[in-house]
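Spelled out, the chains give:
Number of protein chains: 2
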Amino acid sequence: MKLICSKSNLLRGVNIVSKAVPTRTTMAILECILIDASTNEIKLMANDMELGIETRVEGEIAERGVIALDAKIFSEIVRKLPDSDVMIETDASFKTVISCEKAKFNIVGKSGDDFSYLPYIEKNDAIVISQFTLKEVIRQTIFSIADNDNNKLMTGELFEIIENELKVVSLDGHRISIRNIELKNNYENKKVVVPGKTLQEISKIVPGGVDDDVLIYLTDNHIVFEFDTTTVVSRLIEGEYFRIDQMLSSAYETKVIVNKKELLDCIDRATLLVKEGDKKPIIMNITDGSMELKINSFIGSMNEDIDIEKEGKDILIGFNPKFFIDALRVIDEENVSLYMVNPKAPCFIKDDEGKFIYLILPVNFNNAAN
Amino acid sequence: MKLICSKSNLLRGVNIVSKAVPTRTTMAILECILIDASTNEIKLMANDMELGIETRVEGEIAERGVIALDAKIFSEIVRKLPDSDVMIETDASFKTVISCEKAKFNIVGKSGDDFSYLPYIEKNDAIVISQFTLKEVIRQTIFSIADNDNNKLMTGELFEIIENELKVVSLDGHRISIRNIELKNNYENKKVVVPGKTLQEISKIVPGGVDDDVLIYLTDNHIVFEFDTTTVVSRLIEGEYFRIDQMLSSAYETKVIVNKKELLDCIDRATLLVKEGDKKPIIMNITDGSMELKINSFIGSMNEDIDIEKEGKDILIGFNPKFFIDALRVIDEENVSLYMVNPKAPCFIKDDEGKFIYLILPVNFNNAAN
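One line per chain: the protein sequences are A and B, in this order.
Take the first sequence: its position 81, counted from the start at 1, is 92 in the numbering used here, and no numbers get skipped.
Take the second sequence: its position 154, counted from the start at 1, is 165 in the numbering used here, and no numbers get skipped.
Nothing false has been slipped in among the hints.
No distinction is drawn between identical chains; accordingly, a pair holds when it is met within one copy or between any pair of copies.
With a straight-line Cα cutoff of 25 angstroms, these simulated DSS-like cross-link-like pairs (lysine-lysine) come out:
#, residue 1, residue 2
1, K305, K106
2, K91, K286
3, K113, K286
4, K178, K146
5, K115, K272
6, K321, K113
7, K121, K286
8, K333, K290
9, K305, K18
10, K113, K324
11, K271, K290
12, K106, K13
13, K178, K271
14, K305, K321
15, K333, K361
16, K321, K272
It should be emphasised that the hints constitute simulated quantities derived from the structure, not laboratory data.
Next up, chain A with everything else stripped away, as it sits in the complex (with noise of 0.2 angstroms):
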């Protein structure tokens, strides 16, 4: 094989693919990039059998063939390399001469002949959404996916299609984060549940440009994206999506409207007194006009009051500072409306058209120590 493409091509490329090595394995061939230059277009491709990534990369092949090679290395030589023309030549044996300039690395690759290609997608209707919407909606919902795996489902989140509509919704058990956006066009109803990594990896490889488009493909057991020059292909997570349905009643007896970063900020001057792992609540105590936000820990006291807006009844509620603080940060409204039931019952954070609901369940407290 034989191929010259320019350093900021091909480092554009290797940093797309190395979103899908693996960490740690044991199958040394999973550790490396593939460059595919069997045909007359030059491909990288990485793989961790979960997630797989390929990416067409600009440039000419004097040579065809294929290599494999350990895309930590690959990818810092390519990165330290002079902006100029790369050429990358291998021989019969794998080894591997990538010359810039006057520089000149030589490196012994593996054989293509093991690498786990990407599998097969027989490609339906594809669903058009923007890169930038595809990277808000991932970053408005993935802060409450579970962090362990005791619940395979809540690792990932849901995509449903319902017609011209996404939902997103992730869920931990303790909150549930969902987001509803519009399509351009109608599809066939459609459930699937998408790992949380590779939406972590998309969210950082799509560009995220507000007319460029990514299109979404669904089977059965994958999903596909595919944006600019590069296809994503992820496994999904098998099994039923939980019933969210009836966690969304819309009565409530309180209701607070209240300035976003002002809440946000004051939740967050408070947790500075909780430390990791000491599970003390933020209490809001919410009347007329006003709402006090109190926190107690062993190190000391805070509290605040905010100027609000309310209907319905007095409340004096708790709830872990971070789950509120997670919400509000992806929410883009100056003001936000919180709906409460009783102190036991889930908070709901939405805005009047239904494109966002986050919903978080209180704790208990100690009324007398507050």
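Add chain B to chain A, keeping to what the hints say.
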């Protein structure tokens, strides 16, 4: 005690004195920042018994007093307060209320009685140096102090005053870094060894203006730095520093002039083939008009040619690449001159004006294998 000052002033002061708070200590009082408003000034102080920092903060004292507050908690509270006036109030049982706008923190402080105030230093003739120059000279030498305590003197830097010159030296047994600074005035000759940690912290808190000065006072046991409203007092390292003059010969057999950036980039590229702890040298093969750099490791090999100007003999010599990278990074000149005698004698990187000398010992290498 009761005082009021702006959040920004308070934060600036807290950030400065925090540098003298030890990360680990068995004495709880050392983990505190002392707020001393016992006179008509607000002073913040921290002291780890080696390094002590005191800074004055603008503000209003409504009631005089002193309090010691846990540095970590106090600085986090200050950092997260709204950008407004902060009031700090304490009572006789050291209960402390920190309030700002509607936010109110309650924490418990400690009596200032147990706090170790900065030692009183008899101030003699002040050595005047610009903040910029002090920061630069630290950056240009600090990398070659020893990173372990085997020889205490190697963990510090020599500050030597010779009439109107400040010579700063650091060495770790494999290399020596020397910077000579011209001072505006003449001073009495004096040699002290300043702990590396003190210099690292100083360079973080000195703003670094070209037109702003630092006053340095030297005694037998202490060095004092005064700038803006801050005073830093540090113990010195005891003992006679190494005699380096006998190592600095000006005879050479080979002189090389090379573009600094080209050489640095090339060595930097080569090091990616060297894993931590794997002591592979970079080999320089210096001939007329050209320097070939080669490195060979378990991962692979790399070679690159660089154009040079050469005087004297050809030479084949090997170095620890990190030592070359460290020195080249802090040299601002476009071209550097290397002086060598033979493959077992130190290489000098120095300028014609005697502003800097970097001495690097070569390493043995198996020529046949390279």
